[in-house]
Amino acid sequence: MITHKSVTSPIGMLTLTALDGVLASVRLGPPPASAGGGPPYGLAAEDGFEDVERQLSEYFEGTRCCFTVDTNPLGTEFQRRVWEQVACIGYGRTASYKELAVRLGDAAKARSVGAALAHNPLNLIVPTHRVVGSRGALTGYSGGVDAKRYLIELERAPQTEQLRRTCLPADSVPA
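Take the sequence shown: its position 56, counting from 1, is numbered 56 in the numbering used here, and each next residue is one higher.
Some clues are possibly wrong.
[What the hints assert, rightly or not] Here are the simulated distance ranges between beta carbons:
{"hint": "1", "residue 1": "162", "residue 2": "54", "range": "15 to 23 Å"}
{"hint": "2", "residue 1": "46", "residue 2": "98", "range": "41 to 49 Å"}
{"hint": "3", "residue 1": "115", "residue 2": "146", "range": "16 to 24 Å"}
{"hint": "4", "residue 1": "43", "residue 2": "161", "range": "35 to 43 Å"}
{"hint": "5", "residue 1": "46", "residue 2": "137", "range": "34 to 42 Å"}
No wet-lab data here; the hints were simulated from the structure.
The beta-carbon is built from N, C-alpha and C at its ideal position, and this holds for glycine as well.
Take these sequences, add in the hints, and give me the full structure.
This is the structure:
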C-alpha cells in the first residue's frame with residue numbers, strides 16, 4: 001500500500017511517500033493532483049512517518065547530518081549508482097557532476113549524472129543539493145536554486161561546524 005504525508009519545512013512543503021511502510025520518496029512541494037481521479041501518492045496518512053519527520057526536523061535544526069530511515073527508492077541501476085555516490089558527499093561539502101561521473105568511471109557522463117539526480121526520489125535523504133556545477137554554480141535542483149542555496153548554507157553555517165567534522169563518510173567526495 002502507498003501512503004503519503006505532507007509536512008512543512010524551511011524550504012517549503014515536503015511530500016513523504018511510503019510503500020508498505022518503507023520510505024519511497026521525499027519530494028519538494030505538495031502532492032500533485034491525480035489526472036486519473038485517484039491519489040497518485042496513495043492514501044493520506046498521519047501515522048507511519050514519525051521517524052523521518054523527526055530526522056528531517058533535526059536536520060533543519062542543524063543537529064543531524066545524515067538520515068538513518070529505511071528507504072526503497074525506485075530507479076535504474078545507473079541511477080542507484082549515482083545516488084550511492086551522492087550519499088558519499090559529506091555534510092557541508094559539495095561535488096560537481098563531473099566529479100561524480102569520474103567516480104563512476106566516465107567523465108563524459110556528467111549530463112547523465114545530472115539526469116539521474118533529477119530523478120532522485122529521496123531529496124534531502126540522498127543529498128542532491130550537494131552537487132554543483134564544475135565552477136561551483138548552484139544549478140539543477142528540483143526544489144530550485146534558492147532551496148539549494150539554503151541547504152548548502154545551513155550545512156556550512158558556524159553552528160553546524162561540529163557536524164561537518166564528525167559526519168564525514170569514510171569514502172566521501174572531497175570538498
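Hint by hint, here is what the structure shows:
The beta-carbon spacing between residue 162 and residue 54, approximately 20 Å, falls within the hinted interval of 15 to 23 Å. Taken as a hint, the range 41 to 49 Å holds for the pair residue 46 and residue 98, whose Cβ atoms sit roughly 43 Å apart. Checking the proposed 16 to 24 Å range against residue 115 and residue 146 shows it holds: the Cβ atoms sit about 22 Å from each other. Checking the proposed 35 to 43 Å range against residue 43 and residue 161 shows it holds: the Cβ atoms sit about 42 Å from each other.
As the Cβ distance of residue 46 to residue 137 is approximately 40 Å, the hint placing it in 34 to 42 Å holds.
Consistency note: the structure conflicts with none of the earlier hints.
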